[in-house]
Each structure stands twice: as structure tokens, then as C-alpha cells.
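J.: Single-letter residue listing:
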Amino acid sequence: MNDSSAVRSVVVEREFGFPSEKLWRALTQPHLIEEWLMKNDFKPVVGHQFNLRGDWGGTLDCEVLTVEPNKTLAYTWNYAHDDAAFNLKSVVTFTLTPTRTGTLLRVEQVGFRPEQKQAHGGAKYGWQQFLSKLDEALGRIE
Amino acid sequence: MSNPPDTLFRTLADPTRRAIFEHLCREGEQTVGALTERAQISQPAVSKHLGVLKQAGLVSDRHEGRMTHYSAQPGALAPLIDWTRQMAGFWQRRFDALEDLLKRMDQ
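Line by line, the protein sequences give chains A and B. Every letter in the first sequence is one number past the one before it in numbering that gives the first Met the number 0, and letter 61, counting from 1, is 60. Every letter in the second sequence is one number past the one before it in numbering that gives the first Met the number 0, and letter 101, counting from 1, is 100.
A couple of the hints might just be wrong.
[To be verified] Derived lysine-lysine pairs resembling DSSO-like cross-links, with alpha carbons at most 27 Å apart:
| hint | chain 1 | residue 1 | chain 2 | residue 2 |
| --- | --- | --- | --- | --- |
| 1 | A | 88 | A | 42 |
| 2 | A | 38 | B | 53 |
| 3 | B | 102 | A | 21 |
| 4 | A | 38 | A | 21 |
| 5 | A | 38 | A | 70 |
| 6 | A | 88 | A | 38 |
| 7 | B | 47 | A | 42 |
| 8 | A | 70 | A | 42 |
| 9 | A | 70 | A | 88 |
| 10 | A | 21 | A | 42 |
| 11 | A | 21 | A | 70 |
| 12 | A | 70 | B | 102 |
[Said to hold, decoys possible] In silico negatives: residues of chain A with every beta carbon more than 10 Å from chain B:
| hint | residue |
| --- | --- |
| 13 | 8 |
| 14 | 24 |
| 15 | 38 |
| 16 | 43 |
| 17 | 50 |
| 18 | 52 |
| 19 | 60 |
| 20 | 64 |
| 21 | 65 |
| 22 | 68 |
| 23 | 79 |
| 24 | 88 |
No lab work stands behind these hints, which were simulated from the structure alone. Given the structure is predicted, the values throughout are model-derived calculations rather than measurements. We put the beta carbon where it would ideally sit given N, CA and C, even for glycine.
Using the sequences and the hints, build the whole thing.
T.: Following this line, the structure appears as C-alpha cells:
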């Protein structure tokens, strides 16, 4: 098993009834980022290193990778944890596309957890099936 | 939450234990007696399974008189939950908050 097999990706899209300029402000101004995402010391400058601080006490280490005003924003989203199972290295990319009535916002997070081999191996024991039955209980987990 | 994933996998590899845990997730808190009635195995066997589940952090117990009540701790499953599902839920909730913010913001 090599690293690439551990790559995970998630995409969430939503159309907002607002112009892309307004969404861009919400994505790039620290006091606005704090209102919908986390406390931060973000700057829209490629290479800027910053932290996102979650309510749960965890801190994400981030570095700005891409800044194309009103179009694309990307930064790393890394989480170092004493327990390797919680380690995460990932990149988050926001893409804004104007639509007839507003803006389509797409967030893609691509990452991997190098120490997750047991979790992958677990799939063959039917864990997915087992876990899917627990939907209701798991919905309560942040 | 701090148990390494392999402990969780070992604990849940046993179908009887998995059934007990699943039942607690669905039905909420149960006594050993109630669990034994369902499980079709002896009460000591059920107690032993509950002990293993407790060590893995998957159940907690509460003593009331002579009765011990067990409840599921689904949070202990966190390391096993599919990352994609977790993060998709995270971003959906953040987008909800973003939508609220956009409505409040000046043009």
C-alpha cells in the first residue's frame, strides 16, 4: 500500500444568491472568516502562513497556495495530533463561479492521513456496512 | 477517543460484541439483564463483552442500586468514521454559517 492509496477527497458545492465579490470577502477577510469558519490570522497573500483555531481547541496549520480574486482560493489544511490517527495533511480549494442568480461555491478538500492503514484494511471486514447502520448515532459526532 | 484504531477494530471484530454495541446505539441505555435476554448467551458472557467494549471506550456504565446500566459512546468510533463523510458534513455546516453571514453582510 503506497501513499496515493490513502488520498481522500471531498467536494461540497452550494449556490449562494450573492455576487462572487461578496463571497470573496467572506472567504478572505479575517473577521468575516471567523464568523462562518474559525478564528484566524489569514491574509490573501500566497505563501502566508496562518492558523485556523477551532472551538474544540484544535489548531490547523495553513499556508496560502492560490489567490485569484473572486475566482479561486487555496490553502493547506494540516492538523498535527499526538495520536497519529488524527493527523491530517490536506489542501482546501475554494472555486467561485458566477451563475445567473448568484455564485456557485465549490470547496474541494484533498488530503491523506499517512497512519491510517488499519482503517483502510478494516474495509474488508465490512466496517463500512457496520458503520452505515449507525448513521443516526454517528450524526451526533462532530 | 484516544484509543488507537486497532483496539477499536479488535473490539468490534467479534459479531456478538458488535451486536451489543449496535443495540445500545439504537435503543439507548440498557441493563445487563435486558441485554442478556436479547443476546441468547449467558449473563457472564454478556458482562465480559461489555467489559471489553468499556475498555475500548465504546460503552460507559452507570450504577444504580444493584443494577448496572450501559450506554453506547459512539464518539469512540471517531477514528473509524469515513473521512469524506465527516468532512462533507463539516463543510455543509460551515456553508450554512456562511449563508447566514452573507445575509447579514452589507452589499
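J.: For each hint, tell me whether it holds in the structure or not.
T.: Now for the hints, and whether the structure bears them out:
1. 88/A / 42/A: With a Cα-Cα distance of about 20 Å, the restraint between residue 88/A and residue 42/A holds, given a limit of 27 Å.
2. 38/A / 53/B: violated (36 Å)
3. 102/B / 21/A: Holds. Residue 102/B to residue 21/A sits at ~10 Å (cutoff 27 Å).
4. 38/A / 21/A: The hint holds at about 20 Å.
5. 38/A / 70/A: Roughly 23 Å separates the two Cα atoms, so the pair holds.
6. 88/A / 38/A: This hinted pair holds, its Cα atoms lying about 19 Å apart.
7. 47/B / 42/A: The hint is violated at about 55 Å.
8. 70/A / 42/A: holds (16 Å)
9. 70/A / 88/A: Holds: residue 70/A and residue 88/A sit about 24 Å apart, inside 27 Å.
10. 21/A / 42/A: holds (17 Å)
11. 21/A / 70/A: Distance ~12 Å between residue 21/A and residue 70/A Cα, so the pair holds.
12. 70/A / 102/B: Distance ~20 Å between residue 70/A and residue 102/B Cα, so the pair holds.
13. 8: violated (7 Å)
14. 24: violated (7 Å)
15. 38: holds (13 Å)
16. 43: The claim holds: residue 43/A sits with its nearest Cβ about 17 Å from chain B, beyond 10 Å.
17. 50: holds (17 Å)
18. 52: holds (14 Å)
19. 60: holds (17 Å)
20. 64: Non-interface label stands for residue 64/A: nearest chain B Cβ at 18 Å, farther than 10 Å.
21. 65: holds (18 Å)
22. 68: Since the minimum Cβ distance to chain B is about 17 Å, residue 68/A lies beyond 10 Å and the statement holds.
23. 79: holds (15 Å)
24. 88: Per Cβ check, residue 88/A is outside 10 Å of chain B; nearest 12 Å; holds.
Of the numbered hints listed earlier, those contradicted by the structure are 2, 7, 13, 14.
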